[in-house]
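Protein chains in written order, with numbering that gives the first Met the number 0: chain D, 0 to 125; chain W, 0 to 193.
Just so you know, the hints here were simulated from the structure itself, not pulled from any lab data. Keep in mind the model is a prediction, meaning the values are calculated, not measured. Please note: incorrect hints may appear among the correct ones.
Simulated pairs of lysine to aspartate or glutamate, DMTMM-like, Cα-Cα distance not exceeding 20 Å [as the list claims (entries may be wrong)]: (1) W:112 <-> W:69; (2) W:182 <-> D:32; (3) W:36 <-> D:101; (4) W:119 <-> D:32; (5) D:108 <-> W:132; (6) D:108 <-> W:125; (7) W:36 <-> W:20; (8) W:135 <-> D:97; (9) W:123 <-> D:105; (10) D:108 <-> W:20; (11) W:112 <-> W:163.
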Amino acid sequence: MESVFLAKTTETPSVRMDVQGAVVELEGNSYPENAFEFYQQIFDWIDTYFNSGADRLRTVFRLNYFNTSSAKCMLNFMTLLQKYHGQDKMITVEWYYEEDDDDMLEIGKAFSVDFTMPFQLLSFVD
Amino acid sequence: MLQSSAYGSFLTPEVGITVLEYEGICSHENVVHLSTKLEQALAPSAGGRFKKVFGIFVELVQNIKLYSLERSASRSPEHHNDGIGIIRVSEESRCYTVTAGNCMSAEAYERVKVKCEAIKNTPKEELRLLYNEHLKRSQEVTSKGGGVGFIDIALKANGNWEYEFHLLEENRVFFVITAYIAKGKFMEEEPKSA
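So that you can see chain W by itself, here it is in the shape it has in the complex (with noise of 0.2 Å):
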């Protein structure tokens, strides 16, 4: 069984500031919380580019909880059966960035990484006719959102994002998923080398 302590050595390396970092049960009210923190931490100085920064962390917790492979163990009924993972935000001088893991089965694998190649393989501009197409393309089978919210995530960090797979023991895989959001429009084109 991994331990919780080592989710952090998996995340791409810490550059900057950590505005907010969270490593455990992803349940619903952790969610809210934590989101509650990230804005008191982070909107008054981040402006108009905070609501992208909120919008892949509320997106990635919830992945979290909805799909990693490790759950909750806890007996407390506000806890039950949620993901587990690790999320961390941190700032630089010239982006936000935003970093999640969770593990997932081989099976799970496979499936994203088609999903995240498809993904990053689209063009910039042709992002936002995807993420409409998916949308529609969803309203009409049961889902709890994993889908859409990796191209919302492309989208609102303007195709600035990366995911890494690193395999484990017992046919499990640990992912990972990087975005990052420009603090200035300037830079939308090279926001990863601070």
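Next comes chain D alone, as it looks inside the complex (with noise of 0.2 Å):
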């Protein structure tokens, strides 16, 4: 099992799926040509993280913007976090977003209401 960083493009978020730190991180914008596609690469991380026998994980989303097809990719992806907390892993959620961006955060709310693993709402100033 090994750490994994996709560096950060115009569309694309850079993403560190890192073993040794328990953590996965995405931050930048997210409006890929084929969002799932590229989800689906940190899905499988994370189904052959847990396999492997971790523990636990956590989750830190510092996105700037995304369009529609990657906000259904939040959800499966809240989704898959959900399996592995009822799982009994360790599961946390620290969803930032920028002070004034209000979609970022109503977004962020609905998830923390639908989904029951320790989900963290912080803002930050640019």
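Given two chains presented individually in distinct reference frames, assemble the corresponding complex, making use of the accompanying hints.
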């Protein structure tokens, strides 16, 4: 099981999938041509990570903008984390939103209500 | 065949300063190129409103790419079968306007009209709930993203958006969607009258 780092592009976030740090961290914009393909590689890594015996994962979402296809992938992401939370894995979600970005805040709020793993909404100033 | 040069006449009349206008093939490469140009042109001056303008712009240009009836005939691999349309971002004294248009079939027109009417008739305060519901529903079906996109645009424009359909020859329709993003919260209820 190896850590993986995907570099940021104009339309995809940087993704750090870190085995030793037990963290998956996304940062940047997300409007790829095929969002489902892009996020599937992260979901596959998480599945392999837990199948390798890991018992915890911290996830950090620091996204500037994502389109609706990516929003569906975020929902799938939360559904996957919820599955492992239901299997007694220690899951945490840190959802960052820029102070005046009500769209990012509201979607984070909706996820925090719909899913039961520990979920923090954290504001930042750019 | 409608000529590309004719698209501009269907858009909402230009008011204020044009920040960006593009007419042609909306390949993914062009989406990225145009969004980068928009960021360079508007991000420094638009402040917190930029994300809303940017989000609506990307959503609309990706809609053209995916759903426009008129497709690229280019043999170039990067422009393979992408939609053709027009998009314009302009700035007025009190709001930013993003307007886009593309051709659609009569069948698509019926579907889109129903969708747009339903969203337009939803009170602003219920749009977020509608968005969340559609997002969950879309998780269960394979979709390129069209349904939730209009609600996202309505949300980002705080309900200040409109649409038009122009009947063309050969059973085709030209669809125009326009969103207004208020510059200040104080005039969000009346952004159109600059």
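To see whether the hints hold, each was checked on the structure:
With a C-alpha separation of about 19 Å, the suggested pair residue 112 (chain W) and residue 69 (chain W) falls inside the 20 Å cut-off, and the hint holds. For a cut-off of 20 Å, the pair hint linking residue 182 (chain W) to residue 32 (chain D) is broken: about 30 Å separates their Cα positions. Distance hint between residue 36 (chain W) and residue 101 (chain D) is unfulfilled; the C-alpha atoms sit about 24 Å from each other, more than 20 Å. Proposed proximity of residue 119 (chain W) and residue 32 (chain D) is contradicted: the alpha carbons are some 28 Å apart, above 20 Å.
Proposed proximity of residue 108 (chain D) and residue 132 (chain W) is supported: the alpha carbons are some 14 Å apart, at most 20 Å. For the suggested pair residue 108 (chain D) and residue 125 (chain W), the alpha carbons sit about 15 Å apart, so the restraint of at most 20 Å is met. Proximity of residue 36 (chain W) to residue 20 (chain W) is assessed by CA-CA distance (about 11 Å); at most 20 Å being required, the pair is judged to hold. Distance check on the hinted pair: residue 135 (chain W) and residue 97 (chain D) sit about 24 Å apart at the alpha-carbon level, beyond 20 Å; violated.
The suggested pairing of residue 123 (chain W) with residue 105 (chain D) holds, with an alpha-carbon distance near 14 Å, which does not exceed 20 Å. Of the pairs offered as hints, the one joining residue 108 (chain D) and residue 20 (chain W) is violated, with about 35 Å between alpha carbons and a cut-off of 20 Å exceeded. Between residue 112 (chain W) and residue 163 (chain W), the direct Cα distance comes to roughly 9 Å. Compliance with the 20 Å bound is thereby established for this hinted pair.
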